[in-house]
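Enquirer: Chains as they are written, first to last, in this note's numbering: chain A, 1 to 257; chain B, 258 to 329.
FYI, nobody ran anything at the bench for these hints, they're computed from the structure.
The C-beta atom is built at its ideal place from N, Cα and C for all residues, glycine as well.
A couple of the hints might just be wrong.
[As the list claims (entries may be wrong)] Straight line, CA to CA, 25 Å or less: simulated BS3-like cross-link-like pairs of lysine-lysine:
1. Lys-56/A with Lys-214/A
2. Lys-216/A with Lys-32/A
3. Lys-308/B with Lys-97/A
4. Lys-67/A with Lys-293/B
5. Lys-294/B with Lys-32/A
6. Lys-143/A with Lys-130/A
7. Lys-294/B with Lys-25/A
8. Lys-107/A with Lys-214/A
9. Lys-306/B with Lys-126/A
10. Lys-97/A with Lys-294/B
11. Lys-289/B with Lys-66/A
12. Lys-35/A with Lys-56/A
13. Lys-35/A with Lys-294/B
14. Lys-25/A with Lys-35/A
15. Lys-32/A with Lys-66/A
16. Lys-319/B with Lys-56/A
17. Lys-311/B with Lys-294/B
18. Lys-263/B with Lys-56/A
19. Lys-306/B with Lys-67/A
20. Lys-319/B with Lys-263/B
[Said to hold, decoys possible] Computed Cβ-Cβ distance ranges for the label pairs, DEER-style:
21. Ile-261/B with Asn-109/A: 52 to 62 Å
22. Asn-307/B with Glu-29/A: 33 to 43 Å
23. Asn-278/B with Lys-108/A: 44 to 54 Å
24. Asp-277/B with Gln-167/A: 54 to 64 Å
25. Leu-292/B with Asn-171/A: 40 to 50 Å
26. Lys-311/B with Lys-56/A: 26 to 36 Å
27. Asn-310/B with Gly-76/A: 38 to 48 Å
28. Glu-81/A with Lys-289/B: 29 to 39 Å
29. Glu-81/A with Asn-307/B: 18 to 28 Å
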Amino acid sequence: MRKDNLIIAKKKFNSRLIVGTGKYKNMNECAKAIKISGAEIVTVAVRRVNISDRNKPLLMDFIDPKKITYLPNTAGCFNSEEALRTLRLAREIGGWKLVKLEVLGDKKNLFPDMIETLKSTEVLTKEGFKVMVYCNDDPLMAKRLENVGACAIMPLAAPIGSGLGIQNTTNIKIIRSQTKLPLIIDAGLGQASDATIAMELGCDGVLANTAIAKAKKPFLMSSAFKDAVIAGRNSYLAGRIEKTLYGNASSPKSGII
Amino acid sequence: MKNIKKIKIRVNGKLSSINDNLSLLNLINHLKIPLKKVAIELNLEIVDKNKLNKINLKNNDKIEIVHFIGGG
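The shape of chain B in the complex, shown without the other chains (with noise of 0.2 Å):
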C-alpha cells in the first residue's frame, strides 16, 4: 500500500496529524461542523467561508473554528 504524507496541524488549539492532500472545507466536513454558525480562521486570518475547498492545508496550520454560546 502506497504511504500517503501525513502533516500536523491544529485546530483550535489541538494537535493532529491527518493525510497530506486535504482542503479546508475536507477537514470541516469531517469534523461535521456546520458551516452557516461558524466563522474560520486560517493562521490569523479570516478565512472566506465559500472558499474552503479551495484552500489546501499544509503543515503547521492553525485552525479556529468558534461559535456563539452564551455571555454576558
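In isolation and in its complexed conformation, chain A is listed as follows (with noise of 0.2 Å):
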C-alpha cells in the first residue's frame, strides 16, 4: 500500500497534525504536547530576545529544530511590511524557507486581511520563500492565493482561539473541489472531532494550537487529537455511505421467522 503521506513543498510528513507551540504553561508541557501529538511541524512566533533577563528558556533546547519542522508565522502582524519584515528575520534565524502567513485585520475578530495576505504572499513567493497562507474561507481568494504561488492553502474554521469548530463546510468543500494545493484546516477548532470532521471533508491536515493547549487535560487532548486527524482521513479515504431520507435495514429481509 502506497504510504498516505502529507506533502508540502515537495517535503514529506507522516502526520497530518501540524500544532501551535504559543498558550501552554511551561516549555515542558509545550514540549511533551507536540510529542504526544505526533506531529512533525509546528508553528513558532518571531518575537524580541529578551536581553535583561537571559536565563529565560529558549523554546529551541526544548523542541529541537532538527527534528521537528519550525513553521515560523507572522502572528500579530496587521499589515503586509510587518509580515514580510518577520519572515525574512526569520528565515534569517537559520534559513527557514517554509513559513506560515498571517496578516490579521482587526483586533478582535482576528479575522485575515486578504488584500494585505494577497500582497505579501506574491512578494514572499518571488523571493523564494514557501508561503502556507492563513485565509478566510472564501473559495475566491484561495484560488488567488494559489495563482500567486501559496503553496498550502489554510483556511479559519472560525475567528482563531475561539473554538467554535468548522463554521462554513459548505466553503471549505469548493475550496477542495478547486484546489490540488494542500488545504488544511487552520484556527478556531475546539475539540478533536472538529478536526475529524475538518479531515473528512477532505481536509489534508489540520493546525491547532488554543484547543490543545488550553484544554483542561492538554496532553490528553494532544493525544485526541492525534486519534482524530487519523480516523479523519482514514474515514474521508474508505469513503463514506450516499444519505438517504429513510431507513435502509442492515439486516437481511429473508429467512424472518
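Now that you have both chains on their own, put them together as the hints suggest.
Expert: Shown next as C-alpha cells:
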C-alpha cells in the first residue's frame, strides 16, 4: 500500500496534524504535548530576545528544529510590511523558507486582511519562500492565493482561539474541489471531533493550538487530536455511504421467522 | 584616565549608552546572545551574522535581536 503522506512544498510528513507552540503553561508542557500529538510541524512566532533576562528558557532548547519542522508565523502582524519583515528575519535565524503567513485585519475577530495577505504571498514567493497562507474560507481568495504561488491554503474554521469548530463546511468543500494544493484547516477548532470533520471534508491536515494548549488536560487532548486526524483521514479515504431520507435495514429480510 | 566617548543606541527598544569603539559582534557577545538562535536587524536592515565584527556601532543605531518563541 502506498504511504499516505502529507506533502508540502515537496517535503513529506507522516503526520497530518500541525500544532502551535503558544499558550502552554511552560516549555516542558509544550514539548510533551507536541510529542504526544505526533506532529512533525510546529508553528513558532518571531519575537524580541529578552536582553535583560537571558535565563529565560529558549524554545529551541526544548523542541529540536532538526527533528521537528519549525513553521515560523507572522502572528500579530497587521500589514504586509510587518509580515515581510518578520519572515525575512525568521529566514535569517536558520534558513527557514517554509513559513506561515498570517496578516490580521481586525484586533477583535482576528480575521485575516486578505488584500494584505495576497500582496505578501506574491512578494514572499518571488523571494523564494514557500508560503502556507492563513486565509478566509473564501474560495475566490483561495484561488487567487494559489495563482500567486501559495504552497498551501489554510482557511480558518472560525476566529482564532474561538473553539467554535468549522462554521462553513460548504466553502471548505468548494475550496477542496478546486485545488490540488495542500488544504489545511487553521484556527478555530475546539475539540478533537472538529479535526475529524475537517479531515472528512477532504482537507489534507489541520492546525491546532489553543484547543490543545488550553484544554483542561492538554496531553489527553493532544492525543485525542492525533487520533481524530487519523480517524478523519481514514474515513475520508474509505468513502462514506450515500445519505438517504428513509431507513435501510442492515439485516437481510429473507429467512425472518 | 582617558575619557572614552559614549554613544547612545537602542537595543530591542531599550536605550543604552555604550563605548564608541564597539562592533556589533562586541555587543552581541557582551549580551551573551546565542548567535545561532537569533536574527539581527540594524536600522531595519537584516545583518549578515558572519560580518558582525565588521560593523561598527554608531550613535542612534537601532538594533533588533529576535528569536523564536511559542506561537500558534
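Enquirer: Against this structure, judge whether each hint is valid.
Expert: Structure-based check of all given hints:
no. : hint                                 : verdict
1   : Lys-56/A with Lys-214/A              : holds (22 Å)
2   : Lys-216/A with Lys-32/A              : holds (15 Å)
3   : Lys-308/B with Lys-97/A              : holds (22 Å)
4   : Lys-67/A with Lys-293/B              : holds (17 Å)
5   : Lys-294/B with Lys-32/A              : holds (22 Å)
6   : Lys-143/A with Lys-130/A             : holds (17 Å)
7   : Lys-294/B with Lys-25/A              : holds (22 Å)
8   : Lys-107/A with Lys-214/A             : holds (21 Å)
9   : Lys-306/B with Lys-126/A             : holds (23 Å)
10  : Lys-97/A with Lys-294/B              : holds (16 Å)
11  : Lys-289/B with Lys-66/A              : holds (23 Å)
12  : Lys-35/A with Lys-56/A               : holds (22 Å)
13  : Lys-35/A with Lys-294/B              : holds (22 Å)
14  : Lys-25/A with Lys-35/A               : holds (16 Å)
15  : Lys-32/A with Lys-66/A               : holds (17 Å)
16  : Lys-319/B with Lys-56/A              : holds (23 Å)
17  : Lys-311/B with Lys-294/B             : holds (20 Å)
18  : Lys-263/B with Lys-56/A              : violated (30 Å)
19  : Lys-306/B with Lys-67/A              : holds (24 Å)
20  : Lys-319/B with Lys-263/B             : holds (16 Å)
21  : Ile-261/B with Asn-109/A: 52 to 62 Å : holds (53 Å)
22  : Asn-307/B with Glu-29/A: 33 to 43 Å  : holds (36 Å)
23  : Asn-278/B with Lys-108/A: 44 to 54 Å : holds (49 Å)
24  : Asp-277/B with Gln-167/A: 54 to 64 Å : holds (59 Å)
25  : Leu-292/B with Asn-171/A: 40 to 50 Å : holds (45 Å)
26  : Lys-311/B with Lys-56/A: 26 to 36 Å  : holds (30 Å)
27  : Asn-310/B with Gly-76/A: 38 to 48 Å  : violated (32 Å)
28  : Glu-81/A with Lys-289/B: 29 to 39 Å  : holds (31 Å)
29  : Glu-81/A with Asn-307/B: 18 to 28 Å  : holds (27 Å)
Going down the numbered hints, you'll see the structure goes against 18, 27, while the others check out.
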